[in-house]
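Enquirer: Based on these hints, arrange chain P on the given structure of chain L.
Chain by chain, the residues:
Protein chains: 2
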Amino acid sequence: MKLYSYWRSTTSYRVRAALNLKGLSYETVLVDLVAGAQKDPAYITLNPAAAVPTLVLDGGAVLTQSMAILDYIDATWPEPRLIPTDPLDRARVLAVAHSVALDVHPLNNLRVVLALDAKFGATSAQKSAWMQGWMAKGFTAIEAHLAPNTPFVSGDAPNIADLCIVSQMYNADRWKVPLDAFPNLARIAANCMAVPAIMAAHPDNQPDAKEIK
Amino acid sequence: MKLYSYWRSTTSYRVRAALNLKGLSYETVLVDLVAGAQKDPAYITLNPAAAVPTLVLDGGAVLTQSMAILDYIDATWPEPRLIPTDPLDRARVLAVAHSVALDVHPLNNLRVVLALDAKFGATSAQKSAWMQGWMAKGFTAIEAHLAPNTPFVSGDAPNIADLCIVSQMYNADRWKVPLDAFPNLARIAANCMAVPAIMAAHPDNQPDAKEIK
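If you're matching them up, the sequences are chains L and P in order.
At position 86 of the first sequence (counting the first as 1) the number is 85 in numbering that gives the first Met the number 0, and the numbers step up by one without a gap.
At position 141 of the second sequence (counting the first as 1) the number is 140 in numbering that gives the first Met the number 0, and the numbers step up by one without a gap.
Rather than coming from a laboratory, the hints here were simulated on the basis of the structure.
One or more hints might be untrue.
Note that the list lumps identical chains together, so a pair holds whenever it fits in one copy or between two copies.
What the hints assert, rightly or not - In silico PhoX-like links for lysine-lysine, alpha-carbon gap of 25 Å or less: (1) Lys136 with Lys118; (2) Lys136 with Lys126; (3) Lys209 with Lys1; (4) Lys38 with Lys21; (5) Lys126 with Lys21; (6) Lys136 with Lys209.
With the rest of the complex left out, here is chain L (with noise of 0.2 Å):
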């Protein structure tokens, strides 16, 4: 399998996760988003959003959207298991991982960012604020979903919201969003950082990673 990916993509370090904590093997495929590699004409026959992550299987399909590749992978490589089978139980799970890739992030990433700079002339200081309002309000809401005591979302092993909330966390510690409020996720994301799958698949660990000042 060939992976596309960029370091600081949340929605890659999601499916990074997800192969790692499986112990599936993949090549990494780099996409610098930065420098606008996903717009590159053979780039989008892939993924026509231009975006990433991009999963391509060994019989040559490509999947794109990194839910729907998650869905995939927990439904063909079933151990750990990410998504419960019990309907209710998937129905619970779903609605936090959804509360960060439906509710957060589509509002929390660089096209946004950039857009808000070209339409609004956006400063700096609008920017950071639009970020930590939208990320404080979503955490808010799932905050309230999780329980106090238990180390990731459902129990005692990281699932999909797991992953959603470990990555979103990571765009929150970039961005500077005040996480007093929200013990719940700083304790789930230490606890999926303390797995070593997971921390493999950390945007810090990836080869095109780069030290930002």
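Expert: Okay, now just chain P, sitting in the frame of chain L:
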């Protein structure tokens, strides 16, 4: 079951359509998003994100997040299937559904328009350009995934991707997004609206629909 819903909410539309396609009966509880009813403390205890839809099952379980609710509905009442069971078919259908639900809709809803107003004093023309721009960008990517001659995303019956498309196309019409470049999306939306169960879920057919000039 009780569905907390708002007529113009495209995420509510998706869930209404799914419940109707399955032939399930449910009580609709109206949440007036424009009046701020979603911020009522009693509602927040049900849905901490202060969003619609929320589905309360007969046993009392509370489900949030439209895509997680659709997953639950399909797992619990499998006929007609809205999400394929084969992992690769499933990944492809979810990729289209998520292209709407993660890449388009989150940037195109009421709370974002209000934020552009509050933070950047966006004019009416700037707000229209924002809505039209993200929809056109997302639709361009989705159009590339669609086959030119099938009535729906995958063949002869609507699935979860079609439900995401028809509801987003309602919003596109509302914001006057030019659709000439998107014949596949237009055909799919028209075919969806010819299905009585989906048309019954259309915003204009809800009890809280208002005539808006």
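Enquirer: For every hint, state whether the structure bears it out.
Expert: Okay, the hints, checked on the actual structure:
1. For a Cα distance limit of 25 Å, the shortest separation of Lys136 from Lys118 qualifies both inside one copy, at 24 Å, and across copies, at 15 Å.
2. Proximity of Lys136 to Lys126 under the C-alpha cut-off of 25 Å is found in both arrangements, the shortest distances being 16 Å within a copy and 22 Å between copies.
3. Taking identical chains as interchangeable, the C-alpha atoms of Lys209 and Lys1 lie at most 25 Å apart only when both belong to the same chain, with a minimum of 22 Å there against 50 Å between chains.
4. Taking identical chains as interchangeable, the C-alpha atoms of Lys38 and Lys21 are never at most 25 Å apart, the minima being 31 Å within one chain and 41 Å between chains.
5. In the homo-oligomer, the alpha carbons of Lys126 and Lys21 never lie at most 25 Å apart, since the shortest distance is 37 Å inside one protomer and 44 Å across protomers.
6. For the identical chains of this complex, Lys136 and Lys209 are neighbours neither inside a copy (29 Å) nor across copies (29 Å), given an alpha-carbon limit of 25 Å.
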